[in-house]
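Build the complex: two chains, separate frames, hints provided.
In case you want the letters, here they are:
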Amino acid sequence: MAVTNVEVRSGAYYDSVVLMQLQRSLADLAGVLDAGVMMGTGANKDVLAQSDLLAPDAEAAGPDDLVIVVRAEDGASAQSALDRVDELLAARRKGGVDQEYLPKSVESADQMMPDAQWVLVSIAGRYAAGVTREALRLGKHVFLFSDNVSVEDEVSLKQAAAEKGLLVMGPDCGTAIVNGVGLGFANRVRRGPIGMVAASGTGLQQVSCRVHQMGSGFTHALGTGGRDLSDAVGAVTARQGLDLFSRDPETKVIVLVSKPPAPKVAEELLQAARSAGKPVVVDFIGYSPPAQKVGNLHFVRTFDQAAALAVQLAAETPDGGPGPDLRLERFANVQRYLRGLFSGGTLAYEALLILQEYLPVVYSNAPIKKGQNVLENSMISQEHTIIDLGEDEFTVGRLHPMMDNDLRIRRLYQEAEDPEVAVVLLDVVLGYGSHPDPASELAPAIAKARAEAKKAGRHLEVVAVVVGTDEDPQGMEEQIAQLKAGGAKVETSNDTAVRYVGQLVQALGKPAKAAAAERQVNVELATLQQPLAGINVGLESFAESLVAQGAESIQVDWRPPAGGNEHLMAILERMKSK
Amino acid sequence: MDIDKANAQATERMIEARPILVGLAKASEVIPGMRDNLLLHAGPPITWDRASGPMRGAITGALIFEGKATDEAGAQALIESGEIGLEPCHHHQAVGPMSGLISPSMSVHILENKTHGNKAFSNLNEGYGKVLRYGAYSEDVQERLRWMEDVMAPVLADAIEASGGMDIRALIAEAMHMGDEGHNRNKAGSVLFTKNLAPHVAEVAKESETASEILRFRGDNALSVLNPVMAACKAMTDVAHGIEGSTIVSAMARNGTDFGMRVSGLGDRWFAAPAPPVKGLWFPGFTAEDANPDLGDSTITETAGIGGFAMAAAPAIVSFVGGSPKDAMNATLEMYEICYAEHKYFTIPPLDFRGTPTGIDISKVVETGITPRINTGVAHKEAGVGQVGAGLVRPPMSLFEEALVAFADQYGY
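Chains as they are written, first to last, in this note's numbering: chain D, 2 to 579; chain H, -4 to 408.
Next up, chain H with everything else stripped away, as it sits in the complex (with noise of 0.2 Å):
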């Protein structure tokens, strides 16, 4: 068996894979596995009673939504009762920020990676401040996912079917040379992303009114692209996932009490460890004692080349790596020493056009004793108080050694 082979394989599908937004539909009726009684969450497997403060509120948030419960203890009952299933995104071609929270009868971003066929989701980005994927479940967040439900989630789905599909990878490629790194800073994605759907909402909204709403809600938020391009990069990390002997990492994701990982020739074990906190930059009366750990499917970001690992694209947010242009060169520059190939679409202006460093090596890690970087937004560690601040954070090394031995053992070596 040739690793050296399979990883070559492994990173020249995730690279070759382009996803397309085609469709918004109702969880239930496009996520494969997706029922009733299920919520989908962030991260490795999880239960109610290791769940943190955050992931427990939009668990809470997500039931009332559904009409299923009215607090957090109605919700509780139901998660612990069994009557309720809780799954992984993950385990359903899907992916979340933060909580990660999909239930039924949320709206999804249908993504179809043209390459290869496979299709991942993302739910819709609710804006800043009090919203569920933080645990936030006041009446004010159930208003606003009502009604990103029954008034935007329509038009959205007609305006992006008129569009004929969005190319995300494209997008993310030219955001790139805009300023964002794809995972904290996704401000010109948001805004392209905006401008190609603007005048499809136009022609499809029966109000104009109701166009004007969407648009402005979707232009104050910068991060409405994230979730697309969340599910753009599940599309291609899924492809490079399972091909025998490769050392590659598939998937990184935490639930907000363990930071979990899958490697492509692993199988669909997770490797886990606890979530290590966020080293952060405090929003106003925030501390580091604020903070929940690290919470959040969005590392499929840098598990597929961005994000963390292309932070030399994004001079705006050089205060999270010390704060000079060249400490957001020198954090892309270490990236490359653990990950196996280049990106061919995903490049850097100010690298001379070098592709990010794509395809996270277990054995590269292990060797150098460079763990990933992480751009993360970070979550109150209470449900409900919402975003306290935003840094950078690296998975424990225990995890690629504790994969590193097991891929030693599984093939021999």
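So here's chain D without its partners, still in its complex pose (with noise of 0.2 Å):
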């Protein structure tokens, strides 16, 4: 025989949502057949008459008295239920489901830490082009570790990125180091001055291990995908990489890792390396190097030869700290090229020899190697040229150039009318022998030819070597003096004079890169230097890998878009790129 038992508590409050959970709970105990939890109005007591459950106790509570009824098989189960009441209000129920929100999508997580500067997408690959794309939409570089991405997408996504000054390393990237922090699969590899760009995760792994063992690490180590050196990518990661390291003041030396790569890639990416501004280790593998050593590359064939030479030529680099300000905004936009007018043979030769680190090409009528590079007319200059004007053509019937200025002054104006000459480096050779005064003659030249510069809205910067001692018989203190009054920088030591012209025009001429890297934006710096923090898409132990190393990173709760419905998803895509 069923029995009700009725509590009145007056004076308690409990919100309704609370009552009626605990009105389950009741309901739920053993031997408990119905149960009704409610404030004791008149709407209440009306549903809990529908229920018979209005036993006369419960009829006499008011508004403010909470009314608990129990209907239970017999006495004993319905006294109990009551007397779990407060132990059943008190109750947390959690069930598990107390839990930091896990956001759904790339544009939440990004809401919830906007500082993340990286986006590490490891989805299965016929979704991660499309997270990937939200991340660049978003300002992120991404980690692109899945596979099985198509080469169209991957030369769509990079492209994207290039243009926004994002990287896209990957798909397929299983690695790399930023900030100190490894991504993916890494080891824990010690800060240092060495930069690595690969097209290799294994590669990557190995030399920056063996460099670690030998005592020095890395700025970053920067993956690029299996794939980026291939002609369909054309290395967009690994140009951007090269070009982010020779920015970077930190980094002294470059290494370069791939595997093989197509042959015509290999050659751009090569020659954008000559222009590094510092040395450059690079590990084709299968690829034969005309020599050793080309200007600033060093080609080596292993990765063991790679960490090795990277870290001694590391150890070798003086710290150059930040670079001179060399004051670019002076320039006009066309202006890029340098002019070299030497009356010293050995001295251009040196000046050829030192811009190998500084750029590529660099014409001459009397280059490093004969029949390379050679002016067509050595009374035309083209592009970079360095001219030595104590050669024959120049001196057929007329004073040596260390004693005539006359011919060099005349090659002067001429240089300095060309739009796109940036910088002009003459030496001055004093001493016996040499013209009495130069700089009588020739600091008024070079005022004037940076004057007519300037007034077609141009800087022509003249860098003078002044080769000479104070008791040289021109006196050099005043031959200095002069050619500063006249508007020159002026050194004595042509290793210095050179390389400041080197980085000068090498800076110049960065905007102007290939053509199809036209529309390309500089990664900035920065975004690697700052404390990393990364939104993680898929595997969790990436997210987890980075906490662990004191970065900070958000998980995605991420679920295929649209459920997977390929339609929806075209659509989406469709109303997101328009």
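Think of the hints as simulated: they come from the structure by calculation, not from any bench.
Fair warning: this is a prediction, and the values are worked out from it, not measured in the lab.
Treat the hints with caution; some may be incorrect.
Said to hold, decoys possible - Residues from chain H that face chain D, not an exhaustive set, calculated with beta carbons under 10 Å:
{"#": "1", "residue": "78"}
{"#": "2", "residue": "173"}
{"#": "3", "residue": "403"}
As the list claims (entries may be wrong) - A partial selection of chain D residues facing chain H, derived with a Cβ cut-off under 10 Å:
{"#": "4", "residue": "16"}
{"#": "5", "residue": "22"}
{"#": "6", "residue": "41"}
{"#": "7", "residue": "47"}
{"#": "8", "residue": "52"}
{"#": "9", "residue": "102"}
{"#": "10", "residue": "105"}
{"#": "11", "residue": "149"}
{"#": "12", "residue": "572"}
Where a beta carbon is used, it is the ideal one built from N, C-alpha and C, also for glycine.
Laid out in structure tokens, this is it:
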């Protein structure tokens, strides 16, 4: 025979939802047939009456009273249920759902962690391009671990990234080290002065480990994905990495590693590497280099050699600190070329040698290698040019340029009129036998050339190397003072002067990249130097590794867009891209 | 065409709308297109043969109230013959909770959006228990309706006029800082509403006994503010409707049989699918078996960025979403995933006063697979029984997919 027990608590207020929960808990207890828990308002009592729970005690309750009614199989069950009311009210119903919120999309993860610079993508390949595109839209670099991304997608993603100054490392990029933090599969490697760009995951790991074992380390080691150096992709990411490291004052030596590259792409990439302004160690598997060393390029055949040479070169390279301020803003857009007008043949030769580290091609009437980069016509400069005015074609029927400034001054005016010329480099050799006062002629000519250029809206940088002593008949200090008054920058070391102009024209040449790369925007160095924060889409262990390395990370609870319905996915993609 | 711009415009209009309760008058006098032989109901269009138990009950009750029928059979005959028209509230700038029945001689709240000038309407709330909106039409229900109409409405109308109007957007914002989410929990808002009107009721009522009766009725009903809040939301969402190229949802409503939805850039078309069952907590003596499928225009609150979307503001009712305050937070955080904007005026204290997720974007719903969370009451499936519980419901995904395809067709994507 069923028993109905009632408990009325006066002045006890609970929100009705709490009470509904309590009522459900009571009804679930053993022996309980039905339960009602409500505040004693008229309407509520009607509800109790409908369920036949309105026992006389309950009927007397007022709106401020909490009414608890239990109908059970027997009195004991009813009473024990009522006895548990307080316990049930106090119980916290967590049920394992009390968890931090996991965002469902890259966009909402970005809202939760707006400082994140990276998105790590390791979901199934057919969805990876979409997530990568979303990440690029949000201005993030992407570490694209997923494979099975089509070449067409890779090309379009990397182009879109390059246009926004962003990196897409991958697809199928297994590893990278950014700012000391390993992404994907990465070893714990010391920070140091070496920067690496690798189109080979295990290559990156092997070289980085060997470098660490040899006591050195990395600024960053960037993966590109194995197809980056293919004809289709054209080394977009490797170029970005190279450019990044050439601008990074912390990076002294660059290592380039790749699986067998497409020959044409390899040539172009090496051409770009020639302008890096710092040593580049190249390990292209299966590539036959023209020589062990070409300018700033050092070719090796194994990962171990790459590591050893990089460590050695980094140790030999003095701390540059931040480079000089080149004040590029002084120059007009089209100004980019160097013209060296030397009177001293070996000074010109040394200039050509040093410039190899900065410029891939410098023309000359007296080139380093016979028949290579020869000026078509000694009287007309081409692009970057170093002229030795002491060569026969200039001295027939006239004095050597160390004694006669006339020809050099005319050539100076000629170069100054060329709107593409940014820098003119001159040597001024003093001492017995030379012109008794060369600066008295050269300085006014320099001043005039610069003034003409200025009228045309350009800045002409003139750098003079003075070779002499304070005891020379011309008086070195006096000569320098005159040249400076004419507007020249004066050095007494050919090496220093050439390196200065090398840096300058290298920097001026940067925006004028190959036509295909015209729309590229430089990757901002700062985005790699800030404390790393990454949004992880895919393998949770990647997010955990980031956190273990002291980086910030947020995991996206990612599901295929539109539940994997390709028709709807296509519509969504069109709506986003239009 | 720029979808992003269109959505920015739609949500901006929704958020900047400022609905003021300016009056109370008979539906026939103020609702556009209202006529003697017309009934308004909740949700997308419905016919008698497809109507659910509580909807049929409410139609019957409204016709009895109007003196046009005496029982369900009579009501059915009037509706099926077409003698009495049946149209959605939404087609007349109106909304109503549950069955949402509005008949010509019922009084309705008049909300005026001071920013854009449009109006919206909603009926009076009857309180709990056996009520018309849940399909009850017995004599006691009729008696209450008549008292509301004859005694309370004239006094409220005068009181609202005397108050000079009440800013409902401000009221919702304040109530949200007092634990309301604006749909299932309206305790704080109802108290504020009654408090604001009380001095005016006392002033305009001819007898203090009437004033007392009215204030007690309203004070006892923690849902008394729900109807003006819904009308305010309708005023907000209406100005977000009809923006060329916008993927923002401008209405969600259920008639107990279908769940309907409109999208800003897709005209007046209803996207509809069978109304889903509610995951509920049940009143004593009831189970999921007793529940009618989802019902009512009150989803206009979620459409406007409150209700289930503001769950994090209402820790007292966290049991709906799993039990802990963090679950309530997560419920709101989830809704940010599918909304275009964050509300400027409705803010959530425990989320560091972040604005509520506002403006459901159908493309985000389809992309993420997350459907809107709706807090709701549940009606008994048979007419006349009343409310059997409350809980959480999500509209069918097919609505959003269908709308997205329609959008792609219309705009050439």
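Verification of the hints:
1. For the restraint placing residue 78 of chain H at the interface with chain D, the shortest Cβ-Cβ distance is roughly 34 Å, beyond the 10 Å limit, so the hint is violated.
2. The interface hint given for residue 173 of chain H is broken, as the beta carbon of that residue sits about 13 Å from the closest beta carbon of chain D, more than 10 Å.
3. The interface hint given for residue 403 of chain H is met, as the beta carbon of that residue sits about 4 Å from the closest beta carbon of chain D, less than 10 Å.
4. Residue-level restraint check for residue 16 of chain D holds (minimum Cβ-Cβ distance to chain H is 4 Å; threshold 10 Å).
5. The interface hint given for residue 22 of chain D holds, since its Cβ lies 4 Å from the closest Cβ of chain H, which is under the 10 Å cut-off.
6. With its C-beta approaching chain H no nearer than about 12 Å, residue 41 of chain D sits outside the 10 Å limit, and its interface hint is violated.
7. Hint status for residue 47 of chain D: holds, given a least beta-carbon distance of 5 Å to chain H, under 10 Å.
8. Below 10 Å, beta-carbon pairs count as interface contacts, and residue 52 of chain D has one with chain H at about 3 Å; its hint therefore holds.
9. For residue 102 of chain D, the shortest C-beta to C-beta distance to chain H is roughly 4 Å, which falls under 10 Å, so the interface hint holds.
10. At a threshold of 10 Å, the smallest CB-CB gap from residue 105 of chain D to chain H is about 5 Å, leaving the interface hint in force.
11. Because the smallest distance between the Cβ of residue 149 of chain D and any Cβ of chain H comes to about 21 Å, over 10 Å, the interface hint for this residue is violated.
12. Proximity of residue 572 of chain D to chain H holds as hinted, the smallest CB-CB distance being about 4 Å (cut-off 10 Å).
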